[in-house]
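Listed here are the chains, written in short residue letters.
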Amino acid sequence: MSLKKIGKILEQNIMTGISYMIPIVIAGAVLMAISRVGASFYGISTIWDNKWADSANFMIRFLHTDDGWGSVALGLMFPVISAYIAYSIADKGGIAPGIIGGTLVANMNAGFLGALVSGLIAGYSVKLMIKYIHLPKAAESVLPVFIVPVLGTFITLFLVQYVIGVPFADLNSGLSAWLKSMTGTNRILLAAIVGGMVGFDLGGPVNKAAVTTAMALVTSGVYDPNTAAQVAIIIPPLGLGLATVINKKKFNLELQEAGNAALVMGLIGVSEGAIPFAVESPLKVVPANVVGSAVGSALAVGLGAVNHAPISGFYGWFAVEKWWFYILSIIIGTLIVTGLTLLFRKNVIIKPDDQVEEKDETNGKYFSEDEWEN
Amino acid sequence: MKRKLIAVTACATGVAHTYMAEKALIKAAKELGVLIKVETQGATGIGNRLTSKDVSIGEAVIFATDTKVRDAERFDGKKILQIGVSEPIKNGKGVIEKALKVADE
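Residue numbers (this note's numbering), protein chains in the order written: chain B, 1 to 374; chain A, 375 to 479.
Please note: incorrect hints may appear among the correct ones.
[Said to hold, decoys possible] To give a feel for the contact side, a few chain A residues facing chain B, derived at Cβ under 7 Å:
1. Ala-386
2. Lys-404
3. Asp-440
[As the list claims (entries may be wrong)] Heads up, simulated EDC-like pairs for lysine to aspartate or glutamate below, C-alpha to C-alpha not over 16 Å straight-line:
4. A:Lys-453 with A:Glu-479
5. A:Lys-401 with B:Glu-321
6. A:Lys-378 with B:Glu-371
No lab work stands behind these hints, which were simulated from the structure alone.
Computed from a prediction, not measured in an experiment: that's the story for all the values here.
All C-beta atoms in this analysis are idealised placements derived from N, C-alpha and C, irrespective of residue type, glycine included.
Bound conformation, chain A alone (with noise of 0.2 Å):
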């Protein structure tokens, strides 16, 4: 069975940083083989908003965010991992690597 993230992205303008996170997310989690969903809070609203059973099958949740995560009461008990929302663009496997650490712990 494949290793299992969640992640929220947001970024104080919400246009540009908030997506690129996404992207590197995704694209980190699928080099190292990890299944990820990635929740974007942009200016424009929510994206791929998290489902109550995507959280539950989480092992651990990203916070790549500059700003307050809307409707964090979700997270409630989850194992989190946060972050500046700069970190994944920087180091994507990084991040991957370091959540699912917490995930373990």
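The following block holds chain B by itself, in its conformation from the complex (with noise of 0.2 Å):
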């Protein structure tokens, strides 16, 4: 097997996982932005703090309360993404060890990549048992209910404990250490990389490696990597549609409506609203889209947001510290993408034609169940 295939193939796995703690993890980062949100407006800014558990004001409790049910959530990233990567891998049989392997690995403070590799190790060895383990036809199902679960959970926790925990657990703290240390330019620098990556390709590759180390991150406590990240997500298909709005003498039939969408999208926080504009003319569109995010990002970063949350979408803005600063840097953003394309594109020539395509092939449906079946 090439280089290249293991990779898709590793690729194909950690994005599965990502897939399935997404929703962990929105739901987790929410609750604590709503609490630590609605301490600030009673002047608290430790509402996690134990003695908040007492305080005579309902409100401040149910807060305290509320800002530990995020914990809760928070603390299940871990096991669900290697139990899903497991899963990707070897199917049900990975599940137990994975999710087990896992929450080790978040006891141990091993990080994001610990618990990809956790993941990992779950899924390969629960893979290669139930290849090679042969049992006589009586026996056969000693392995699934028995062999799988308890000596792929063995060997995942062993690996965990003794070879990759602590290892990962020092690189995890180290990493953390330095980017909370980072002050000033090396700061704002960092956000406007962050921004470029993730304006790059529009949840592509790079992209994808940006936004889940930001995702990771904020974990650890670190949230500039998140904040770069959240702005710089709904940047291109903002600036992109609003181009469209603007002047549509510059773009046919097709990019206008993917322009509109695009506005939506941008709206709700997916970046891949741009995507059409990128494949139509990439030479024009990655440029503007990497510069208009890399300066909203370090903007936003500079003047201070912070977002907890690894949302980017509107519903997300008014949970962040300081989203008046922040909402700012997505509308400059937005509008250095708008300007760089409107200045970049030329007028297009409009087919009478292209507009009666347009129409039937939403629906999708264009044969008959009986032409099918024939």
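Can you join these two chains into the complex? Each is in its own frame, and there are hints to help.
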């Protein structure tokens, strides 16, 4: 098997894990953000502190409890990603060793990378067991009900505990300490780099690498990369959508349509809305996106906005610390993308027959069941 | 008789790419005169689930997925073209042509 193919398979396994982890992170981070923003109205910046559990004010007691709920949810992040990476590799048998290994990773503070490796270990140890252990017919069911869960879990826990746990924990704490110690221009530069990466390929590998790392760092209490990433996610679709509204002449009908969709997708935080534009003329669109996203991200972090949650859509804006600066940065980044796009593009000639085609395509059904079956 | 393909699309978040790839595959197939049924495995569940009859009719399966295909055992024994979810969005016709080639092998 070629190296490229192995990379593809690994990517698919990890993406599966991430796709099951995202809802948990969103739930946990938003619960926490609500509690922290709510607490700030009472002038409290340490709502997680146990002393608030006995507060005379019911709202404060509740916000403290709500922060705890957020922690419960985020605590499941590593077990779940580890479990579903293993599931992606070895199906149902991978889940038990994966979830248990991921919990040990969380306990050892071995971080996001630790959880990835734990999932891979669990998945492949189970897969190999199923492939190579052959029992007599009568005892066949011993493999899935006993050997796979016990041995798979033992192998995973053993490797996490004695091989990967400590080095990954060191790596994790070193990385977050380094990021937390960043100040001034370095912080802003980091934000610009994260923003540029996110704007570069709109949901592709570079974007996912940046967003996932940022998301993982949120769990270590490092928020700058997340703030930068969340700003950068929505700038390209908003900027390109706005460009189609401002000057229709520079876009064909298909892109005008895509522009409206991009505006909506931008507002709800889906970077992919900008893809039709990037596909059509990458050399004009990608630089505009990278510059706009990088500037927006650098501004947001530089002005002190902090987004605690991995949410880029408008419904998350008001849970951001200093949300007015945050929104201002989004607006500036968006205008940069719009301006550069309009500058780079020439007017297009619209053919009249373009119009007809668009209509029946959205429905999807262009043949009858009869035609399919015969 | 027209050529027939089936496909499954899925991406990590399951809200955008999955459906863009679906549209792109349908559009390209239509332009090439190929019949296609596309199952979307998105965040809100499986859309247009392929029946066992669909699976037996399709000459080849396109997996345009960044994540694991759910209930993949349904396609055991079929000819499979595994690609990333963004490939049909970039080059829909190329993907359909490649799948037809896989079906002919």
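Consistency of the hints with the structure:
1. Ala-386: holds, 4 Å
2. Lys-404: Since chain B brings a Cβ to about 5 Å from Lys-404 of chain A, closer than 7 Å, the hint holds.
3. Asp-440: With a minimum Cβ separation of about 5 Å from chain B (threshold 7 Å), the hint on Asp-440 of chain A holds.
4. A:Lys-453 with A:Glu-479: holds, 9 Å
5. A:Lys-401 with B:Glu-321: violated, 44 Å
6. A:Lys-378 with B:Glu-371: It holds: about 10 Å lies between the C-alpha atoms, which stays within 16 Å.
When held up to the earlier numbered hints, the structure conflicts with hint 5 and nothing else.
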